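Participant: Sequence:
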Amino acid sequence: MYKQKIVIKVGTNVMTNKDNRIVRPVLRNLVQQIAELYERDILTVLVSSGSVIAGREVLGTSSIENDTQRRQVYSAIGQPRMMRLYYNIFHDYGMKCAQVLPTKRDFTPGVHRQNMINCVEGLLSEGVIPIANEDDAVSVTMSMFSDNDELASLIAQLIDADKLIILTDIDGLYTGNPNEESSDLIAHVNPEENLEEFIQDNTKKAGEGRGGMGSKLDYAQQAAAKNIPTFIANGKKDRTIIDIIEGKNVGTKVTLEEKAEA
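Residues 12 to 273 in our numbering are what the sequence shown lists, from first letter to last.
Please note that the accuracy of each hint is not assured.
As the list claims (entries may be wrong) - With a cut-off of at most 27 Å between alpha-carbon atoms, the simulated DSS-like pairs for lysine-lysine come out as follows:
| no. | residue 1 | residue 2 |
| --- | --- | --- |
| 1 | Lys237 | Lys115 |
| 2 | Lys16 | Lys247 |
| 3 | Lys29 | Lys247 |
| 4 | Lys16 | Lys107 |
| 5 | Lys115 | Lys16 |
Source of the hints: derived by calculation from the structure; they are not laboratory data.
No experiment lies behind these values; they were computed from the predicted model shown.
With the hints as constraints, model all of the structure from the sequences given.
Facilitator: As structure tokens, then:
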């Protein structure tokens, strides 16, 4: 029997360096922590970005002018490459993983949604780690998730997860620009809190991930409102996931509970 089910979302910015190349030791560190959780009877669904970057590494600069079509091509090339990376690393830890590529309709009430639940829970019951990513190759604009933060939040709600952990390349939500000394980390947020004043504009280029901090906070608050404690934390640090599971003060926590008195 498992003790907890958690969803971990890892963004493109966590797994890439400044040259937009995938850093394998970051993926290995992520898998190592998931393997450690498995030994503690904590089951994980991993929501992983990276297919577009991985495809661009293979193809180079594409001559396709249409943004959506170019993204489809990069993703179709990059997704099997990402799965090969994960497959090999999980294999090194004696674990199995599986690919799950949902579209938005898989979360609408009815047969698609039930099928999605059956798929994820079936994999978890066999000790297999589901690795989910939006099916960019076939998603059309109406059925696209805004980003993988939305997908992770929906999966967490779908399986009634005990925690949702959104990994990014900074320590959490700040009161200002994270690089400025005057900015403070916001340790706790309630689902109803409006923190628009603290959200930086998103200026990412194609392939660098669609979700900015505003998106992360929005979907974290949606999950937290359904009583799923959610954490926004730095995925480039070695033990972030384990620290969160062990109750250490890491990143920004988004929950229904009242803020602790300082």
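Participant: So if I understand the rule, the pair passes when the alpha-carbon distance is 27 Å or less; does Lys237 with Lys115 pass?
Facilitator: holds, 19 Å
Participant: Within 27 Å, alpha carbon to alpha carbon, are Lys16 and Lys247?
Facilitator: holds, 22 Å
Participant: For Lys16 and Lys107, compute the direct alpha-carbon distance and say whether it is at most 27 Å.
Facilitator: Status holds; Cα separation ~17 Å.
Participant: Under the criterion that the straight-line Cα-Cα distance not exceed 27 Å, is the pair Lys115, Lys16 satisfied?
Facilitator: holds, 22 Å
Participant: Is the Cα-Cα distance between Lys29 and Lys247 27 Å or less?
Facilitator: Within the cut-off at roughly 13 Å; holds.
In this structure, every one of the numbered hints holds.
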